[in-house]
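J.: Quick note, the sequences are listed as chains L and P, same order.
The first sequence begins at 1 in full-length UniProt numbering and counts up by one.
The second sequence begins at 1 in full-length UniProt numbering and counts up by one.
Each hint should be verified, as a subset may be incorrect.
Said to hold, decoys possible - Below, computed lysine-lysine pairings styled on DSBU-like, alpha-carbon distance capped at 30 Å:
(1) L/K50 x P/K83
(2) P/K252 x L/K102
(3) L/K21 x L/K102
(4) P/K252 x L/K21
(5) L/K50 x L/K40
Hints were generated in silico from the structure; no laboratory data involved.
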Amino acid sequence: MDTSNPAVFVNGHLIPNFIGKKVRAVVQVNQCDGGVATAKSSDDCQLTIKGLPEVPLLNYIEVIGIAESSNSISAEVWTDFGNTFDTNSYNQLCQLANGEFKSLFL
Amino acid sequence: MYSTSSQFDGNAAFSGGGFMPSQTTQSHDPSFVPSKNRDAQSLLPLTVKQIHDAYQSSDDKANLIVDGVDVNNVTLVGKVCNKVGRITDVTFVLDDGTGRIECNKWLQEAADTNVAEGILDGMYARLHGHLKGFQGKRTLNVFSFRPVTDFNEIANHFIECIYVHLYNSRMRVSASVPNQQHVMNSTPITPTKGYQAQAVPPSNQFSGHQINGQKSVEDMVLDVLHFPANRARIEGVPRDLIAQNLGISLDKLMVAIKNLIEEGVIYEAIADHYKSTVDG
């Protein structure tokens, strides 16, 4: 068992707290060219995702990677969550996982 | 010497059956104790971080306790990685984002082999399993592996982890502040489980009602029937007398009497005369 390298649930507003660390976010990709995608986070922030291959536009994609700056993530792994995903619940989970119940996650 | 050989015979006699071998592999396990209540055997949704913390903080490495609850079976959701398939079992690491835990699934039936082939690196899965410590390593013995197809299940799982944590750490504690045994005996619908308390929002009103309930008309009728003078009446106590004693209407009394008869606590000795069954 190893908990030394967690991937933190983040939305757009939480990324600045984890620059240089591993994060996970679900984003809706608006545009994707040459490995750099622009996407919307679960709290409607505009993000840049690097290292993402061609993914279906407007689908919800989970990216796990390193937060490079307050609005960009360098993706290591990604999963297509399809086009019906409840971003509102996910966003609230991000807030709970970084707030009152942080001890369960980090 | 005798006990060793008899134990050996028992194992030999039952081995080879489809069901017993999995039991014998768990023979060192505390769950082998036959009388465990169902609460202790519940399936807990947990994060790997919670398991890790509980393992770090406990001295007793045999029993794992999270939020005051014995951990036996757990359910986790995460990403599969480092899968290694063998003929007898499959091992992999589950990464739920809070940590990683080694898992293995024994292949006992043909259906298990199909499941094992469906386990792929990178996929999200919902696991049900049993935590086992072996050679200082804690692994999850998986008995259900199900690929996640609706990804809302991931958020759902972690929200459920939060809920169960909250429920076990706060509601259970507050419910046990009054002597739980006593509370359970006197009032059947007490908030020993938190969500039942929530089902009745005005809790003060609720508990007040319960206090009245303890001296319900039924109880008062029994009190009257148990008066020594009334016990001596072979023919039973006339209903008018009971109503008069209690100062309640006959209609109200008859409802209570009907309930008591249905419960077998009293009976009608002769017409409109009632006796308590404890009087014989």
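J.: Any of the earlier hints contradicted here, and which numbers?
T.: As far as the earlier hints go, 2, 4 are violated by this structure, in ascending order.
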